[in-house]
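A.B. asks: So the protein lines, in turn, are chains A and B.
To convert, note that position 189 of the first sequence is 189 in the numbering used here; the numbers rise steadily by one, no gaps.
To convert, note that position 75 of the second sequence is 75 in the numbering used here; the numbers rise steadily by one, no gaps.
Keep in mind that the hints are not guaranteed to be accurate.
The list treats identical chains as interchangeable, and a pair is accepted whether it falls inside one copy or across any two copies.
Quick list of in silico lysine to aspartate or glutamate cross-link-like pairs, EDC-like style, CA-CA up to 16 Å [claimed, not checked]:
| # | residue 1 | residue 2 |
| --- | --- | --- |
| 1 | Lys36 | Asp132 |
| 2 | Lys134 | Glu165 |
| 3 | Lys36 | Asp107 |
| 4 | Lys191 | Glu122 |
| 5 | Lys62 | Glu112 |
For the record, the hints were derived by calculation from the structure and aren't laboratory data.
There are 2 protein chains.
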Amino acid sequence: MFTGMAIIGLSVTLFHTQPVAAQTERSMAVFTPDGKLELPKGYRRWVFVGAPLTPNGLNNGKAGFPEYHHVYVEARNVDAYLKTGSFPEGTVIVKELTRVLNPTFPDGSRNEPSGRGFFNGEFNGIDATVKDSKRFPKTNGWGFFTFGHHPLPYAETAAESSVDECAGCHIANVAKTDMTWVQFYPILRGK
Amino acid sequence: MFTGMAIIGLSVTLFHTQPVAAQTERSMAVFTPDGKLELPKGYRRWVFVGAPLTPNGLNNGKAGFPEYHHVYVEARNVDAYLKTGSFPEGTVIVKELTRVLNPTFPDGSRNEPSGRGFFNGEFNGIDATVKDSKRFPKTNGWGFFTFGHHPLPYAETAAESSVDECAGCHIANVAKTDMTWVQFYPILRGK
Chain A
1 MFTGMAIIGL SVTLFHTQPV AAQTERSMAV FTPDGKLELP KGYRRWVFVG
51 APLTPNGLNN GKAGFPEYHH VYVEARNVDA YLKTGSFPEG TVIVKELTRV
101 LNPTFPDGSR NEPSGRGFFN GEFNGIDATV KDSKRFPKTN GWGFFTFGHH
151 PLPYAETAAE SSVDECAGCH IANVAKTDMT WVQFYPILRG K
Chain B
1 MFTGMAIIGL SVTLFHTQPV AAQTERSMAV FTPDGKLELP KGYRRWVFVG
51 APLTPNGLNN GKAGFPEYHH VYVEARNVDA YLKTGSFPEG TVIVKELTRV
101 LNPTFPDGSR NEPSGRGFFN GEFNGIDATV KDSKRFPKTN GWGFFTFGHH
151 PLPYAETAAE SSVDECAGCH IANVAKTDMT WVQFYPILRG K
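Just chain A, with the same shape it has in the complex:
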């Protein structure tokens, strides 16, 4: 009888700390023993914050990020940013790229019933940033990683990108907004 009650008590505690839906949302950064970041999982169900688009057709055929950038942040980290103006330790921000869909104009656009414009084509790569002040003290507390700018499958792990490749541009332009381009993300902008 006493044992039975203890088990019921444990069940209550488990539901309270790990509700089912929250488990699927949560995904702390996972590092390999040699410091590589494992490919984030589940990010397509995080909160979408914005879709910058830099078409190859407007960038001499070689956009630095080809071409749509879909940016995702977990809900609890969005909430924290909206409350405090900075992201919690452990925050992961994922930018998944897609190509534009079958361009028919030189700029990358095409005509569809909704008008002339750009539409999402195939997936084309992932970049991720991780906030971990102890691990990345030299780049304002954030580490930068790329799993390739190419169609699926993406790399399984990624070593930290050099300052020249990623962090330098964030430090130069968005150090005041926790290293993140919130000016392009309507739900975060202006916080």
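For chain A, the structure is supplied; the task is to place chain B on it using the hints.
C.D. replies: Relative to chain A, chain B alone:
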């Protein structure tokens, strides 16, 4: 003692059937007594499926949908579509528009450190579709609504749009994919 156990049992049941995160995700369509749809809530935390972009600058200054279209579907309805190829009764699909951010080129684009392209400006309206075969039998089971194409605040309620305004184009172009432009949404495309 017996009462105490009953209360514990009830707590377990509540957590099991209504986990906290799922409650915030769920949002059935709500209609007023005269058949208007209430403005959907919480959609910015649904699953983002794609961002078509029809800039005013590429559409004689008057895009039908100005300008980014951010499209959101609830997770359970995405799952159902991926499994069955059609959306469940009650599915709501929201398309939230944003303008492009401060254009400096005639096409609506601007230069940023990531390249020349388009970036999300201010929110600019909401359209929604609701699958309800009994309520909308004449338009393949879907109702179409717009809460305005303008900056916040959006309309609180919307009457069903006419066939000419919305459903007609969906019937003509995407009747075979449950009235939805899945060809522009990478995670749904090809199902």
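A.B. asks: Cα distance capped at 16 Å. Does Lys36 pair with Asp107 within a copy, between copies, both, or neither?
C.D. replies: neither (37 Å within a copy, 41 Å between copies)
A.B. asks: Classify it for me, Lys134 with Glu165: is the Cα-Cα distance of at most 16 Å met within a copy, between copies, both or neither?
C.D. replies: Intra 21 Å, inter 55 Å, cutoff 16 Å: neither.
A.B. asks: Using 16 Å as the alpha carbon limit, work out where Lys62 and Glu112 are close: within a copy, between copies, both or neither.
C.D. replies: For Lys62 and Glu112, only the inter-copy Cα distance (15 Å) is at most 16 Å; the intra-copy one is 25 Å.
A.B. asks: One pair to classify: Lys191 and Glu122, alpha carbons no more than 16 Å apart. Within, between, both, or neither?
C.D. replies: between (33 Å within a copy, 14 Å between copies)
A.B. asks: Using 16 Å as the alpha-carbon threshold, which applies to Lys36 and Asp132: within, between, both, or neither?
C.D. replies: within (13 Å within a copy, 48 Å between copies)
Violated hints, listed in ascending order, are 2 and 3; each of the other numbered hints is respected by the structure.
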